[in-house]
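The listed protein sequences correspond, in order, to chains B and C.
Sequential numbering from 1 applies to the first sequence in my numbering.
Sequential numbering from 386 applies to the second sequence in my numbering.
In short, the hints are calculated from the structure, not lab data.
Any given hint could be a false lead.
Below are the BS3-like pairs computed for lysine-lysine, each with C-alpha atoms no more than 25 Å apart in a straight line [what the hints assert, rightly or not]:
1) B:350 with C:955
2) C:572 with C:615
3) C:949 with B:366
4) B:366 with C:951
5) B:178 with C:940
6) C:913 with C:981
7) C:951 with B:290
8) C:666 with C:606
9) B:350 with C:960
10) C:607 with C:666
11) C:940 with C:955
12) C:940 with B:22
13) B:22 with B:39
14) C:955 with B:290
15) C:940 with B:290
16) B:22 with C:949
17) C:606 with C:667
18) C:572 with C:454
19) C:949 with C:960
20) C:793 with C:851
21) C:651 with C:615
22) C:961 with B:350
23) C:615 with C:677
24) B:290 with C:949
25) C:651 with C:606
26) C:913 with B:350
27) C:960 with B:366
28) C:957 with B:366
29) C:913 with B:366
30) C:904 with C:981
31) B:350 with C:957
32) C:704 with C:615
33) C:955 with B:366
34) C:940 with B:366
35) C:940 with B:249
36) C:981 with C:793
So the derived label-pair ranges between C-beta atoms look like this [to be verified]:
37) B:211 with C:951: 23 to 29 Å
38) C:905 with B:231: 27 to 33 Å
39) B:159 with C:955: 39 to 45 Å
40) C:851 with B:359: 54 to 60 Å
Since the model is a prediction, treat every value here as computed from it, not as a measurement.
All C-beta atoms, glycine included, are put in the ideal place defined by N, C-alpha and C.
Below are the chains, spelled out letter by letter.
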Amino acid sequence: MAEDWRNGGFGLYIHWPFCMAKCPYCDFNSHVSRSIDQKAWLDAYLKELDRNAARTPDRVLKSVFFGGGTPSLMEPETVAAILNRVGQLWTPANDQEITLEANPTSVEAGRFQAYAEAGVNRVSMGLQSLRDDDLRRLGRMHTVAEGRRAFEIAKDCFGRVSFDLIYARQDQTVPEWKAELREALALAADHLSLYQLTIEAGTAFGDRYERGTLRGLPEDDDAAEMYEVTQEICAEFGMYDYEVSNYAKPGAESRHNQIYWHYGDYVGIGPGAHGRVTMNGIRHATDTWKQPQKWLDAVAAGTGENLVEAVSPTEQANEYLMMGLRLTEGIDLERFNQIGGRALNPRTLKELQDMGMIELESPYLKATRAGRLVLNAVIAELLLD
Amino acid sequence: MTELSNIRNFSIVAHIDHGKSTLADRLIQMTGTVAERDMKAQLLDSMDIERERGITIKANTVRIDYPAKDGQTYVLNLIDTPGHVDFSYEVSRSMQAVEGSLLVVDSTQGVEAQTLANVYQAIDANHEIVPVLNKVDLPASDCARVAEQIEDVIGIDASNSIHISAKTGVGIPDVLEAIVTRLPAPKGDRNAPLKAMLVDSYYDAYLGVVVIIRVIDGVIKKGDRIKMMKTGGQYPVEKLGVFRPQMQDIAELGPGEIGFLTASIKQVRDTRVGDTITTEKKGCEVPLPGFKPSIPVVFCGLFPVDSAEFDDLRNAIEKLALNDASFSYEMESSAALGFGFRCGFLGLLHLEVIRDRIEREYNIDLITTAPSVVYHVFMKDGEMIELHNPADMPDLSKVDHLEEPRIKATIMVPDEYLGDVLKLCQDRRGVQLDLTYAGARAMAVYDLPLNEVVFDFYDRLKSVTKGYASFDYQMSGYQEDQLVKMQILVNDEPVDALSIMVHRTRAETRGRAMCEKLKELIPRHMFKIPIQAAIGGKVIARETLAALRKDVTAKCYGGDATRKRKLLEKQKAGKKKMRQFGRVEIPQEAFINALKMDD
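Full structure from sequences and hints, please.
Below, the structure is given as structure tokens:
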């Protein structure tokens, strides 16, 4: 029987852990450092690529994703050398997607052409807002004008361009968001990631929230309404909501992220990068040292990993459920039963169905629009014990 | 054996935090009873809960040898009594076992309600009382004012009070000397048949039940066969000793002496505080006066959060009951909470102590239902039923009337908070009996229904007086009143564990408050939930908990899989800690917190 990961495919994630500044909402593994030895980092990435390729032989690589941090701070030569090695190690898929996350400052836009020449064919830009005041509040280093220019440059350089916006921001109203979203859609990207601002513990916003000094966040009812209008307006522009926070023209969906949501296998390289790698027929979770220097030292000593752990069938099924229900297409219950060795509780399914939270079209299980707004509660009901 | 003239038996009367335990520690330390290296704070409070809360639950004794200034060595027996109103009967027995008391008052604070209750017990027991003013090292100390207050409020002479600092040790030698010179020696007849009072008892894992006794007449020796006059139990004395404060064996105990015995007694339940111990043969004829069995006055349901732990809970409760005759229990089944126990307590502190011990020592998470008092339900056929649980309220058509227990409450409070205190008492259906002033402090005496007090009265009192009020009460009998059973319906289903008995005039306010509270306490669900309060079939208050609007993670990619899965698994596990009523999950703490009023 084919290994389950084949249902989602195989991808590679590369984490660049550095930023010019830490954004107050961001809880990703990012560090501000003035001097980065790109050569040392390249060597470490290459070493990790070799190590990972050795345990994932004969695989077709669907996608490569440079995330961060701010990978648009990488020298284009570093990116080129990594992609060169990737090409030697794994067979590329015919339509291999190579994405790089970029900040829309003029400095970084100046490197776009070189990234394209290195093989990057898609950028995901952290535009975040089309309002200068809000960009400042979000701790971003670019202006709206700069962002728009960077976007135009990106469209010239890459076949596919996506950008991120953050909404449900402080003091934002529903009409204001509608107007801003329409402006964004007029920019004619084929893919958008539209995230509701989430206050994470351990971030500057998280600290302010704890102290009660982060004011003006929308109430749940308003945030829910913003989510609903986002779906409606995107639909007007031909962008459908293929995932909780992701919108695309049909065919322009992020192939890389779909590996996660389809619960495929992925290798994670770089500080704090996670992976799901099937070895000897058993799916493993991998994790790496988060601290950049610690990771570099560990790689030099043999491996950047600090965890390789088998994921139990129940955990795998729960992960498939959690990831898959984020997609509009939902999950395949036959595959779920196959992974977990047992089925979801039919009574819970019936209750959620009666409440209008899920739809069952055998063998598919999907969250409805209403269900997607409370997806955590829906998933928590369904999870296998 | 010690001559009667060289024995002094005493107790220490004090309000919480006025320094009783510290003084006891000092007396023990200064007489060299305990080596310096073995000293730890509050030697006599042996349970964790006692030491943490700074309260004494069980009576403790310690025997101190004191070489007095007159050149003779005296045996001083201190009985450390439970200070709390819940254990007032135990206090009164301990008082009967000694001849004098040290009245310790914090010279920065003055007399408090609890000091009063206990000092009156000492006066009732005909004690010689030595006032001791503590904390004289603090700048706020005002001995003259406090002495005057003692004379005004308590009515005893405080002109020769002793000024001490139990913390620094100042004045402790004066206290020791006063115990010898000012307190009377005990009386008793060595040749009469054995007559000893059972002061208290506790369970020791190695020795079985240890009984603290005060010998009145006669002599008790190891090997004697003894008889408990009330319970009729007969036992051979296996071990006889005194506390210093650790156990020390002794050959015999004579009149006036205080010590302990063990006698193969299996459970504390077999020993009743206040019982008279004599010899099996040729014993004394007349028992000591004043024995009464303790009666629980506050009841509540204890249910395991995890219904699989019911047997563990039963085991815990049985074990605790063996060691506590005043704690009663019977099995209860609730449609809402499953199987548990309806338990009876001497008061709220007793309830909390037992609950804490079950949770801590037996590691069982508990759902505690609203404390209730015992109502007397008079049926039309003339029968009277004791109602321990609102859920058991009989069909109203068969009920003639109800009576509820009332208390006489004494509250002492600084002037500026008096208005709030009077309002609180009024709101709780109190009837003022007395209101007097001593300096800047007022003493209010109220007749209050116990059911208005058992739950959060003391918390409210502390909060409206910023902690400056002190409160004590005694039961004062039953009285007829307009009482009704109020039910709470969540999503149209009655939740029996939330039913309460309430006065008709208060029902609507309470009902509204409970619905509002529950609306806060129950997490939003995927559907909206009506919460109603009803009397009979009539809804008197209603709130609607809106449906959950938004609960979705904005970003979830490969890097988050493990962490996000664990978060969701935790969310699911959290639901297991709640109780399911139809389709609604109610968090365990809601059963108690729903009743808290912010009036």
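Going through the hints against the structure:
1. The straight-line distance between the Cα atoms of residue 350 (chain B) and residue 955 (chain C) is roughly 23 Å, inside the 25 Å bound, and the hint therefore holds.
2. For the given pair, residue 572 (chain C) sits about 24 Å from residue 615 (chain C) by alpha-carbon distance, which is consistent with the 25 Å threshold.
3. For the proposed pair residue 949 (chain C) and residue 366 (chain B), the alpha carbon gap of about 19 Å is at most 25 Å, so the pair holds.
4. For the suggested pair residue 366 (chain B) and residue 951 (chain C), the alpha carbons sit about 22 Å apart, so the restraint of at most 25 Å is met.
5. Under the criterion of a C-alpha separation no larger than 25 Å, the hint pairing residue 178 (chain B) with residue 940 (chain C) is consistent with the structure, at around 21 Å.
6. Between the alpha carbons of residue 913 (chain C) and residue 981 (chain C) the distance comes to roughly 24 Å, so the proposed pair stays at or under 25 Å and holds.
7. Pair hint residue 951 (chain C) plus residue 290 (chain B) holds up; C-alpha atoms about 19 Å apart against a cutoff of 25 Å.
8. Between residue 666 (chain C) and residue 606 (chain C) the alpha-carbon distance is near 14 Å, which keeps this suggested pair within the 25 Å criterion.
9. Using a Cα cut-off of 25 Å, the hinted pair residue 350 (chain B) and residue 960 (chain C) holds, with the two alpha carbons roughly 19 Å apart.
10. Between residue 607 (chain C) and residue 666 (chain C), the direct Cα distance comes to roughly 15 Å. Compliance with the 25 Å bound is thereby established for this hinted pair.
11. Between residue 940 (chain C) and residue 955 (chain C) the CA atoms are separated by roughly 18 Å; this keeps the pair inside 25 Å, and the hint holds.
12. For the hint pairing residue 940 (chain C) with residue 22 (chain B), the CA-to-CA distance comes to about 18 Å; that is within 25 Å, so the pair holds.
13. Of the pairs offered as hints, the one joining residue 22 (chain B) and residue 39 (chain B) holds, with about 24 Å between alpha carbons and a cut-off of 25 Å not exceeded.
14. The straight-line distance between the Cα atoms of residue 955 (chain C) and residue 290 (chain B) is roughly 24 Å, inside the 25 Å bound, and the hint therefore holds.
15. For the given pair, residue 940 (chain C) sits about 19 Å from residue 290 (chain B) by alpha-carbon distance, which is consistent with the 25 Å threshold.
16. At most 25 Å may separate the alpha-carbon atoms for a hinted pair to count; residue 22 (chain B) and residue 949 (chain C) meet this at roughly 23 Å.
17. At most 25 Å may separate the alpha-carbon atoms for a hinted pair to count; residue 606 (chain C) and residue 667 (chain C) meet this at roughly 15 Å.
18. For the proposed pair residue 572 (chain C) and residue 454 (chain C), the alpha carbon gap of about 23 Å is at most 25 Å, so the pair holds.
19. Note on residue 949 (chain C) and residue 960 (chain C): the hinted pairing holds, with a Cα-Cα distance of about 17 Å set against a maximum of 25 Å.
20. This hinted pair checks out: residue 793 (chain C) and residue 851 (chain C) have alpha carbons roughly 23 Å apart, not beyond 25 Å.
21. Between residue 651 (chain C) and residue 615 (chain C), the direct Cα distance comes to roughly 17 Å. Compliance with the 25 Å bound is thereby established for this hinted pair.
22. A C-alpha spacing of about 20 Å is found between residue 961 (chain C) and residue 350 (chain B), which places the hinted pair at or below 25 Å, so the restraint holds.
23. Taking the CA atoms of residue 615 (chain C) and residue 677 (chain C), the gap is about 10 Å. The hint holds against a cut of 25 Å.
24. Among the hinted pairs, residue 290 (chain B) with residue 949 (chain C) is consistent with the structure: their alpha-carbon atoms are about 18 Å apart, no more than 25 Å.
25. Restraint check for residue 651 (chain C) and residue 606 (chain C): satisfied, since their Cα atoms lie roughly 20 Å apart, inside the 25 Å limit.
26. The hinted pair formed by residue 913 (chain C) and residue 350 (chain B) meets the criterion: a straight-line CA distance of about 18 Å does not exceed 25 Å.
27. Between residue 960 (chain C) and residue 366 (chain B), the direct Cα distance comes to roughly 23 Å. Compliance with the 25 Å bound is thereby established for this hinted pair.
28. Using a Cα cut-off of 25 Å, the hinted pair residue 957 (chain C) and residue 366 (chain B) holds, with the two alpha carbons roughly 20 Å apart.
29. Of the supplied pair hints, the one linking residue 913 (chain C) and residue 366 (chain B) holds, its CA atoms being roughly 23 Å apart against a limit of 25 Å.
30. A threshold of 25 Å between alpha carbons decides the hint, and for residue 904 (chain C) with residue 981 (chain C) the separation of about 13 Å falls inside it, so the pair holds.
31. For a cut-off of 25 Å, the pair hint linking residue 350 (chain B) to residue 957 (chain C) stands: about 18 Å separates their Cα positions.
32. Our distance criterion of 25 Å between C-alpha atoms is met by residue 704 (chain C) and residue 615 (chain C), whose separation comes to about 23 Å.
33. For the hint pairing residue 955 (chain C) with residue 366 (chain B), the CA-to-CA distance comes to about 23 Å; that is within 25 Å, so the pair holds.
34. In summary, the hint linking residue 940 (chain C) to residue 366 (chain B) is supported, as the alpha carbons are separated by about 19 Å, within the 25 Å threshold.
35. Between residue 940 (chain C) and residue 249 (chain B), the direct Cα distance comes to roughly 20 Å. Compliance with the 25 Å bound is thereby established for this hinted pair.
36. Of the supplied pair hints, the one linking residue 981 (chain C) and residue 793 (chain C) holds, its CA atoms being roughly 23 Å apart against a limit of 25 Å.
37. One distance hint, 23 to 29 Å for the beta-carbon pair residue 211 (chain B) and residue 951 (chain C), holds here, with the actual separation near 27 Å.
38. Restraint check, residue 905 (chain C) to residue 231 (chain B): a C-beta distance of roughly 31 Å satisfies the suggested window 27 to 33 Å.
39. Distance hint check: the CB atoms of residue 159 (chain B) and residue 955 (chain C) are about 42 Å apart, consistent with the given range 39 to 45 Å.
40. At roughly 58 Å, the beta carbons of residue 851 (chain C) and residue 359 (chain B) sit within the given window of 54 to 60 Å.
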